[in-house]
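Using the sequences and the hints given, assemble the complete structure.
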Amino acid sequence: MSDNTSVATHSGDSAGRAEETALLPPVDVIEDSAGITLYADLPGVSRDGLDLQVDADTLTIEGVAAVELPESLEAKHAEITVPRYRRVFTLSRELDVENVTAELHQGVLKLRIPKAEHAQPRKIEVRG
Amino acid sequence: MAFSFLSRDMFSDLERLHRELQQAFEGGPSIRGAAPGGFPAVNVGSTPQSIELYAYVPGLEPDSIQVDLERGTLSIAGERASSLPQNGEKSVVHINQRFAGRFRRAVSLPEDIDPDGVSADYRNGVLHVSVKRRAEALPRRISVQ
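Top line first, the protein sequences correspond to chains A and B.
The opening residue of the first sequence carries number 1 in our numbering; numbering runs sequentially from there.
The opening residue of the second sequence carries number 129 in our numbering; numbering runs sequentially from there.
Simulated from the structure, these hints should not be mistaken for lab results.
Note that CB positions come from ideal geometry on N, CA and C, so glycine has one too.
Relax, there's no trap hidden among the hints.
Example chain B residues on the side facing chain A (calculated, C-beta under 7 Å, incomplete):
| hint | residue |
| --- | --- |
| 1 | N171 |
| 2 | G187 |
| 3 | S219 |
Here it is in structure tokens:
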């Protein structure tokens, strides 16, 4: 499975938009027998600022961090200079992209991608 | 030995080059070690009336974040639980990049801040701390009679 879940570079923009600089959010990807769970850190992204797309076998996570700043703010020290996140993953065939569920809580996205039923593990009975 | 070409010197040279570039473009590192990639990332800005700090610290509950102001140093601390499965569960971790565990970051504030004028809120995983500056330190224009 790990061979199929490759991380694409964020230059591969499936939405066909103009290239924009974006941060690569850190993720955790965990697989169990029924599917894959992905967590992504997207601080500053609200539900409206989040864009999730599954296009054929490509999953694209994009988000815009909207942080309200006072008008006269002058930056003194900045570690986050781009208010945008993007990360692209290649999905493998046995995943059921029709039934992906997503939750966003305090800037953490949790995606659950189940495996298609035919790909779920089953026990094969040996007949005598 | 083929490995001798990839000598330790080559890596230490790369490491040194990286440090020099960092020094040239970003200035000296803070004494509190605000290394790139530290958790949480912090932006600090100022207005004539206040100092504003934004910490990108997603996935916490607001009341679990400690914000302290002591002797002109603002510190934020807390703990983020791991999302990885506990031992014994039948699952495989393919990618593990998100920070887990205790964190603390501290920022020195200028001398003209008002220790009683601190407020903090937490939205969409961003902690925003606003510290007011003392009124007498605000720039003011003196009108000429």
